[in-house]
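So the chains spell out like this:
Protein chains: 2
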Amino acid sequence: MADSMKGLKRTHYCGDVTEIGKEVVVGGFVERVRDKGGVIFIVLRDRTGVVQLLFNETTDKAIFEKASSCRSEDVLMVKGEVRERESKNDKLKTGHVEIFVTDLRVLSKAETPPFEITAETKVNEELRLKYRYLDLRREPLQRNIIMRHEIAKVTREYFYENGFLEIETPMMMKSTPEGARDYLIPSRVHPGKFYALPQSPQIYKQLLMIAGYDRYIQLARCFRDEDLRADRQPEFTQIDLEMSFVDAEDIQECVEGFIQRVFKEVMGVDVPTPLPRLTFADAMNRYGSDKPDTRFGFEIQDITDTVKDIDFVVFKSAIEDGSSVRAINVKNGAAAYTRKEIDKLVDHAKGIGAKGLAYIRWADEPNCSFKKFLADGDLEKICSAVDAQQGDLVLICADKTKTVLSTLGAIRLICAKKLDVIPEDQYNFLWITEMPFFEYDEDNNTWVAAHHPFTMPMEECLDYLDSDPANVRAKAWDLVLNGTELSSGSMRITDFELQQKMFEALGMTDEEIQAKFGFLVDAYRYAAPPHGGMGIGLDRLAMIMCKADSLRDVTAFPKVQNASEIMSECPSTVDKDSLDILGIAVTAKEEE
Amino acid sequence: MADSMKGLKRTHYCGDVTEIGKEVVVGGFVERVRDKGGVIFIVLRDRTGVVQLLFNETTDKAIFEKASSCRSEDVLMVKGEVRERESKNDKLKTGHVEIFVTDLRVLSKAETPPFEITAETKVNEELRLKYRYLDLRREPLQRNIIMRHEIAKVTREYFYENGFLEIETPMMMKSTPEGARDYLIPSRVHPGKFYALPQSPQIYKQLLMIAGYDRYIQLARCFRDEDLRADRQPEFTQIDLEMSFVDAEDIQECVEGFIQRVFKEVMGVDVPTPLPRLTFADAMNRYGSDKPDTRFGFEIQDITDTVKDIDFVVFKSAIEDGSSVRAINVKNGAAAYTRKEIDKLVDHAKGIGAKGLAYIRWADEPNCSFKKFLADGDLEKICSAVDAQQGDLVLICADKTKTVLSTLGAIRLICAKKLDVIPEDQYNFLWITEMPFFEYDEDNNTWVAAHHPFTMPMEECLDYLDSDPANVRAKAWDLVLNGTELSSGSMRITDFELQQKMFEALGMTDEEIQAKFGFLVDAYRYAAPPHGGMGIGLDRLAMIMCKADSLRDVTAFPKVQNASEIMSECPSTVDKDSLDILGIAVTAKEEE
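Keeping their order, the protein sequence lines are chains A and B.
Numbering of the first sequence is given in the numbering used here, commencing with residue 58 and proceeding in unit increments.
Numbering of the second sequence is given in the numbering used here, commencing with residue 58 and proceeding in unit increments.
Careful: at least some of the hints might be erroneous.
One copy or two, it doesn't matter: identical chains are merged, so the pair holds either way.
[What the hints assert, rightly or not] Derived DSS-like pairs (lysine-lysine); straight-line CA-CA distance at most 27 Å:
(1) Lys187 <-> Lys573
(2) Lys633 <-> Lys573
(3) Lys475 <-> Lys401
(4) Lys633 <-> Lys646
(5) Lys633 <-> Lys145
Please keep in mind that the hints were generated in silico from the structure rather than gathered at the bench.
Computed from a prediction, not measured in an experiment: that's the story for all the values here.
Looking at chain A on its own, in the form it has when it is part of the complex (with noise of 0.2 Å):
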């Protein structure tokens, strides 16, 4: 059996062992061990950081014989005496200290760990996922989990000074199925009947302004049943809140203060507020994308009437077909943009849908790739509407508006990138407003709600609800920073009229009506202040804000692409009995 701790208590972390002269009881992980025949130093790590440890022929037989066995990761507790060090280490807080061990309990004994417990590591993720236990030890993901909670701390304090309540919603709810798919849990009580996970709160919490609790917060869990992309989790934190008795912009002030006040607490960056705004309209134009990134330019400019008396076809049959000619110039992009180079742009461009990329690759002397239907004049001309000089790249695109923006907007960042024009430490927040009220359905030749159907529309825009819905804007926004959608936030609607308007301008039936949203309806009956709220993904803000690469970096147990979590091995089968009493069975063919 191990030592065990009795007679001792910590008095210290490790990465507080500075005071010299003191006595200290420390607990931890072996880092490492380097035995030097007469001295053995072993590093001791906590969460809060490593202290050395030393032994040497003036340390008790018994203890030094002890620490001759030590190995990584076993767990120890020392009392002994805070000692200037002779070698010192001025990166580290405790550097200058060792801890002169007099009392020493191997209080567990660790197995060879399948990888190496390293800030650094190569190990490849899937063995790191199915000992996450151990992988959770490593310093970069530590400081990670530790930021995350300072962040979720300093968000409930901003909020609560604000006068914010936090309400927990329920977990298990009415399946409303909008957006993505429900995760579903079958009722034992009530044999073919189910529960829902919250694909979010938004039920719940305009149910509580309705109640007059007037502002509400909640770090929420949400769920939703999505195949995975790289960056999405099935289950995920959102910071939820809704407000009374403000209009869009008390909101956006109030995040804003949030947003200020976190990246002031946890990283000391200070950002200025209020933050930059853009139409929905204007981002799409500027950057061919509604989550921009402006932390550099290229910024699409519109050409159409530069070229318009240019004899190339590509560009006279765009304009003729009412839509337009669009370029960005990729400053000091010639250099990285051989002809070979270009040539990916553009198959990257058709991939998107465009036709291909026209271009004025400016090296020594401009080298354009219409050149033979230029005039004179016409070269100079499109360089100085796009203010291109030597050593530019200038990217063109003829097609119809939408493909030639998310063309534009796409080649745009992937320029930047190779480029390496994007600042690391720089925080470009930014509104995006106005956002469309319909989505065109495509497939289904239809229009239908961009947002959830409480979401308000533009008062100015109530008029044309059914005669021009691609025009509709609605009172909903983003934030987006650096190119990510952090949040989205709305006004809802209040009016049961309006609301029954927009049930109707979605082609939803009185039926369905009914089913899904009954009762919330219901509620508007009795009358709602005004109110509008946000969901911040905290997980996507922590993933940034801890610079890591993916949402399982800034998760403690995250789950991977196929939605399964590899160290329990979840999800699993269960035994026949348990469906039976659930009232279930298994149709499907099992996986193995």
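With chain A fixed as given, assemble chain B onto it according to the hints.
What follows is chain B alone, placed relative to chain A:
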């Protein structure tokens, strides 16, 4: 359409309007309207309280008219001047003022609610739950929900200050049923496999200790698919914590600090620490309960020795049987307990499994149910043994000791309630320590774990794990408040071999162990610090602190006894397509 709040911005909450002469903007729900012809008073309510609005002959005529159309629960926003009120209400913080309204917006009109929104209500709970969003407007519920928020806030503050990290653990985990039934979630990606909702984050928090996170806290949602008793919810929240490099006392000390802090900060109540401690054995012997309410006496006393010579067959045979005779002295109980009332107690005792109750009712003079068996002086001896005086009622039970204790424990509570001797504003916390390690499963004639299988036995009991299971005590403890179990805690086994031995003692096969806990058992191979923790029921704590009658009164959107949510009619049926995608089918006959 309703008015808009354009141009107005709330300056004050209703309950904060006190400064005479100030121009304020408030918003809220109409509590009531008093129309006195030339003068209209509207009481406006938000979550902070109420304030009176005044409309009189000097009010703008259009505003006055609009005011006269206002009805209960309409949502208003008003601008106005704070004036001194003529007839003051000293009970209200805002009772000295009223707002002379200069701008009135009716933001939302309310239909007549299905019940009146009043603090006191006699409306049946089912109707209130159907319209939960209206029920939640009532002041007592708002107070509870706000207090629950405060409790959670102080909880986090306390534990964060003490070095705890809040780490989110998965909600979709592997099914490892123990104690209660799991709620299951079919996996779409892995047909035939299931996730489970956590009954607690037990496994994950132990893994976090193995991973070196040292101190973990989480306000964690937990789920149990049990047949609900009045005071259970299928989902509930646990203040879940785990600490490394500690022993039981360290954890208890930490939690005592928390209790002291939360009662002081939220209620202004001083809880002296250290909290009293009772071993499980002592609690059973003195109170006949492992969660004794110590706010009153009536303690159980062993009078076996005192009555051993009395020639009363009930006592005699019990004593010969190795059983015992025990009594409680219901102080001043004689008056309340007539013969008929005592008969009811006896019936109750029989319901618990006792053969009956003997008694001495000492109104004017001692009236003993077994008088005819008494020799001279016997009565005095018994009365003296239990300190009975005139006015008291002594209840005696002779039976198997286990039955005697549970019977008198239950009767003790009934009598205290009837005599109304339980002080309402007293908070008697109590640690129950040295819990039994095994429980005897009468149905299967076998010893089963009383706690989860990672619970540490007390060191001194290791030697007779197999030979004397009845006497093995666990390093496990409960926190009891006024007769309610608030929390359970234990130290965990960190020794791989001891853990194997425990599994064997519990009759688990290697396959079972591997299937259920394989990864956790393996994790301990790589060393773990000594650790233990607790789970404190937040809902129950909030219920007691709010002096609420049920968990439903401290839960925003509770479920009822059959695990359904009345408001949303959840759980509900889902379409067959959804089930097909999940690869399951309903086999049970549906309810309706």
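Here's how the hints hold up against the structure:
1. In this assembly of identical chains, lysine 187 and lysine 573 lie within 27 Å of each other by CA distance solely across copies; the values are 16 Å between and 40 Å within a copy.
2. In this homomeric assembly, lysine 633 and lysine 573 come within 27 Å of each other (Cα to Cα) only across copies, at 16 Å, whereas the closest approach inside a single copy is 32 Å.
3. Proximity of lysine 475 and lysine 401 under a CA criterion of 27 Å is satisfied intra-copy only: 12 Å inside one chain copy versus 87 Å between copies.
4. Within a single copy, lysine 633 and lysine 646 get their C-alpha atoms as close as 15 Å, and across copies as close as 17 Å, so both meet the 27 Å cut-off.
5. In this assembly of identical chains, lysine 633 and lysine 145 lie within 27 Å of each other by CA distance neither inside one copy nor across copies; the values are 63 Å within and 69 Å between.
The structure does not agree with numbered hint 5 stated previously, though it agrees with all others.
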